[in-house]
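Asks: Sequences and hints are given; from them, build the entire structure.
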Amino acid sequence: AGVSGGPDSITLLHILYSLKKEYSLNILIAHLDHKFRGEESVADRKFCEDLAKRYNLEIVWEEIDVPKIAEEKGISPEEAARLARYDFFKRAAKERGIDKIAVGHTRDDQAETVLMRIIRGAGMKGLSGISPVKNMQGNKIIRPLIGIFRKEVEDFILTEGLKFRKDSSNEKTVFTRNKIRLELIPLLEKDFNSNIKEVLANMAENLQVENDFLSKYARRKFRGMSKIRQEEILIDIKKFKKLPEAIRKRLLRTALEELKGGLRRLTYQHWKEIEELIDTRPVNSIVDLPAGISISKDKSNIILKLIKS
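Yeah, the sequence shown ends on 309 if you go by this note's numbering, and it's all consecutive.
Just so you know, not all the hints are guaranteed correct.
As the list claims (entries may be wrong) - 35 Å max Cα-Cα, derived DSBU-like pairs, lysine-lysine:
1. 46 <-> 73
2. 100 <-> 305
3. 238 <-> 260
4. 305 <-> 241
5. 249 <-> 221
6. 241 <-> 216
7. 125 <-> 308
8. 260 <-> 190
Said to hold, decoys possible - Listed next, with one range per pair, are the computed distances between beta-carbon atoms:
9. 294 <-> 244: 21 to 27 Å
10. 299 <-> 23: 52 to 58 Å
11. 120 <-> 171: 21 to 27 Å
12. 195 <-> 71: 37 to 43 Å
The hints are simulated quantities; they were obtained by calculation from the structure and are not laboratory data. Keep in mind it's a predicted model, so treat the numbers as computed, not measured. From the three backbone atoms N, C-alpha and C, an ideal C-beta is built for every residue, glycine too.
Replies: So this is what it looks like as C-alpha cells:
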C-alpha cells in the first residue's frame, strides 16, 4: 500500500489492516520522500515508520529528488512525482513478489483529474479519469477508495480517531491540481453546479465503460494486422486505412503501449502529424515522437520503432 501519511492513505491502510486476517492479506507499507518539503518530509517518513511498528507491518521507503527529475526531464513537478512514485512502487512490489499496489485516490481526485484533463484537451481515454483497477507491467494498481468522497474519508478518520500528517504543499496553488481543488471547483460549485464533483466523477465512470469496450476492440484489430518484433512493430497499412478513424488512433496507442509501455506526452499536433504521415506523405517519411520513438511507412506497413540513443 502506498502510504504518504495523509488522510486518504491512512484510511486506506486502516481498512486494509482491518481485513488482513479475514482475507490473509500480506501488507507492505511503501513510502516515498519526494524531497519537496525538507524536514516536514522527514517527519512524514518517521510517522509512517511508527505506523508500521504499531500495525506490525513491514515498511519500505526511499528518497527521490523529484524537483531535480522535473528539471532534467522538462516536466512538471506533479508529473515527475507521479512517475517517481509508481516506479518506486513497482520496484518495491517486484522485489517482494507482491502483485497488487493499493493507492488512496478518492472520488474528489477523480473529479479533479477529469477537470484537469478537460483543460488540457484530453480525448475519451483521458476523460475516463482514474481507473479503479489498472494493469501496469505485471502489477495491478487498485484504488479501493475511488468510490468515496474526501469528506467521507475525513468523517471516517474522525470517527475512528486516526492520526495523520498534513501536507502543507497541498495548500499551494502553484500546482495545477491544487489550483483546481482550491479555486476552480469551489467556483463551479458556487456559480454553476453545487454537485459538480459528483457529475464529473459519474462522467468518468460512464466513459470508462465505453473506453474499455473500444480499447478491447482496437486490441483485437491490432493483433490481426501487426507483426511485433523486439524494437519495432509493423502494421499492415491497407488494413489500417480501412478502419474507422476512432479505432485507428486507439490501435496506434495499443502499438505504442506494446513498444514503450504507453506515452503520456503525445499532443494533438503529434497525432495530426501521424495522420498526415499515414494518409498523405510519401513513402519513407518519418515522424519523431517523445520518448525515443519514430513512426514511418513503406509501401506495405506503418513502422513504429524505438530510436537508439
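Asks: Work down the list of hints and note, for each, if the structure agrees.
Replies: Results of checking the hints against the structure:
1. 46 <-> 73: 30 Å, holds
2. 100 <-> 305: Status holds; Cα separation ~31 Å.
3. 238 <-> 260: This hinted pair holds, its Cα atoms lying about 24 Å apart.
4. 305 <-> 241: 20 Å, holds
5. 249 <-> 221: 12 Å, holds
6. 241 <-> 216: Given pair residue 241, residue 216 holds - Cα atoms ~19 Å apart, limit 35 Å.
7. 125 <-> 308: Since the Cα atoms of residue 125 and residue 308 sit roughly 29 Å apart, the hinted pair holds (cutoff 35 Å).
8. 260 <-> 190: Given pair residue 260, residue 190 is violated - Cα atoms ~43 Å apart, limit 35 Å.
9. 294 <-> 244: 21 to 27 Å: Given range 21 to 27 Å: holds, Cβ gap about 26 Å.
10. 299 <-> 23: 52 to 58 Å: 56 Å, holds
11. 120 <-> 171: 21 to 27 Å: At 23 Å between Cβs, range holds.
12. 195 <-> 71: 37 to 43 Å: 40 Å, holds
Violation of the numbered hints given earlier is confined to hint 8; every other hint is satisfied by the structure.
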